[in-house]
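Listed below are the residues making up each chain.
2 protein chains.
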Amino acid sequence: MQKTIGYAAYNHNSPLLPFSFERRDPQPTDVQIEILFCGVCHSDIHQVRNEWGNSVFPMVPGHEIVGKVIKTGNEVTRFKPGDSVGVGCLVDSCRVCPDCRENLEQFCNDAVFTYNSPDKHSGGSNYGGYSRQIVVDQDFVLHVSDKLDLAAAAPLLCAGITTYSPLRNWGVGKGDKVGIVGLGGLGHMGIKFARAFGAHVVLFTTTPGKANDARRLGADEVVVSKNIEEVQEHLASFDFILDTVAAPHNLDVYTSLLKRDGTLCLVGVPDHPHPSPAVGNLIFKRRSIAGSLIGGLKETQEMLDFCAENAITSDIEIIPIQQVNEAYERVLKSDVKYRFVIDLASLKQLE
Amino acid sequence: MQKTIGYAAYNHNSPLLPFSFERRDPQPTDVQIEILFCGVCHSDIHQVRNEWGNSVFPMVPGHEIVGKVIKTGNEVTRFKPGDSVGVGCLVDSCRVCPDCRENLEQFCNDAVFTYNSPDKHSGGSNYGGYSRQIVVDQDFVLHVSDKLDLAAAAPLLCAGITTYSPLRNWGVGKGDKVGIVGLGGLGHMGIKFARAFGAHVVLFTTTPGKANDARRLGADEVVVSKNIEEVQEHLASFDFILDTVAAPHNLDVYTSLLKRDGTLCLVGVPDHPHPSPAVGNLIFKRRSIAGSLIGGLKETQEMLDFCAENAITSDIEIIPIQQVNEAYERVLKSDVKYRFVIDLASLKQLE
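These protein sequence lines map, in sequence, to chains A and B. Position one of the first sequence corresponds to residue 1 (our numbering), numbered consecutively onward. Position one of the second sequence corresponds to residue 1001 (our numbering), numbered consecutively onward.
Do not rely on the hints blindly, as some may be mistaken.
[Stated by the list, open to error] Heads up, simulated DMTMM-like pairs for lysine to aspartate or glutamate below, C-alpha to C-alpha not over 25 Å straight-line:
1) 68/A <-> 305/A
2) 259/A <-> 1102/B
3) 298/A <-> 1261/B
4) 1259/B <-> 102/A
5) 1068/B <-> 1302/B
6) 1259/B <-> 299/A
7) 1174/B <-> 102/A
8) 1259/B <-> 110/A
9) 298/A <-> 119/A
10) 1080/B <-> 1034/B
11) 259/A <-> 1261/B
12) 1298/B <-> 1102/B
13) 1071/B <-> 1146/B
14) 1147/B <-> 1343/B
15) 259/A <-> 1110/B
16) 1298/B <-> 261/A
The set of hints was computed from the structure by calculation and includes no laboratory data. Small disclaimer: the values here were computed from a predicted structure and weren't measured.
So that you can see chain A by itself, here it is in the shape it has in the complex (with noise of 0.2 Å):
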């Protein structure tokens, strides 16, 4: 075992505060990582504050991990010391079901993720990426090119590919009109995405002030979705939305801009339920209301890749571990552009 430090809630009313703990040795398959980089998920939050109801402290959270290799098992073949790697919501799954073997292992019922999940090697609960470094298993390590700045490719590896997969599962592509709901973390990596692959991009927010930003990130257009005349015109219009929103909000605002047998994926979980979707808006056009998960290893790779290819990015800002805390609150009130992503050297005057 290696000791390492990080920042920990020790209960569900704690600010984060330093942690000392133990990584497991490398096992044959495993990578051993220096995280240089993590993400600041809201569902961090949540599960900090024991939002979902099923956190165990004390809890390092973080699961939009970049960082380099420090050392591999002797089976691990795919990863050498000084690569750079990417750790994301996932770090094993059973393999053998049917969603591991479509490679889609965010489904498998036994999938453990990075953080306040079992860990079958401790016998306790696992600890995430704010923190100096993580041991994991090879086929749940993620290569990241060094093309891309590291620190704002961290938020990839669950902003990004929360928005890329369901985007990639419904065929969005040249020519279609794609909306996107919502103007955060996830919002902006939709943008990116959906005018990456050639679609007609249409941002809808709350917050008027957000419209030249969502142009700049690649908005072909922004509306007010609280100004229903604007929201209007766009009636029977979209192949796709993807609504980025997890506070309760009216699904049928949406639902009726889709066109014949359009859908609406929902990536949040709201806290407490949306009001009651209308059926006759699915029913008169054939539509369809989904969810969306994450997404697989494979998927994840590909992902990157395609952001190395294209040079896509978070926007972020970074901050050193000692102000979490305080970005927590501004993340509550929506003020971070978008995503604020962990500097871990921070953590080395605690060492």
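With chain A's structure known, arrange chain B on it following the hints.
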């Protein structure tokens, strides 16, 4: 213009009563049809009672029409006097929009429904199938094989296509596990089609007494949906579930039974909203909730031909039109196995 007779609601409180009115003379592309049988659809009751708020009175309902051609316009090529034919929910559409060009006239914004719809010929509202005859453009008339019992074929024109179309659209076939929710006019057709397509069919009902009948109709299994343990044996195992129940109910029961990428398809519009479906159920298996609306003319003909080849009709109870008001009350109590069909010969005594 030609005088005819039918049964109409004179206002939203009125029982159906005899009504004399006129049909247009057949135009060059029109087919004049002697109506033999007309099914009683639940939507007839909604409209007669103005429960959708758009009713025009007097209203002659009926859109599950089977009869014989008695006259054709001089440009009609596909029909001749004596042919057995059907008319469903649609009697016209714009013919040029993308939906019409893809043979999905049911989604055309200018679709003309068979009754209670603006009639360009008369300038008023059109009249449906609870009558002695009807005049319809040949493109909206369907061939009905004389292999089929014509009375039992009538409900195919709405209940049949409403269940056939989604099962086809979502590709139900051999090896699939398919759920049908509700055993009524729609549900009993859903069982028959899903079985004929080679699927393993599970009927969900709130009424234990319907189990034997469901098996007779072709269900491989019957699950009483109020029995939570029985339901949960089927978690995450269905490829597709067709929900024919319009009354508000908990959709989460059914989304949780879908495999990854499975679809719950709704074909009934509830008068009050369903409880809001759990978004997590969609996200964690990439499931969808969709809607489906009858079918286009091409698919309706395909369905009728499939029924002729596979000896599929509706299970019906034939009534004279003089019993239609009593039949409505029984439909509202689900006291019919599984569709009332009006024998329009019963109108002769009024002529």
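Taking the numbered hints from earlier one at a time, note which ones the structure violates and give those numbers from smallest to largest. The structure conflicts with no hint, since it agrees with every one listed earlier.
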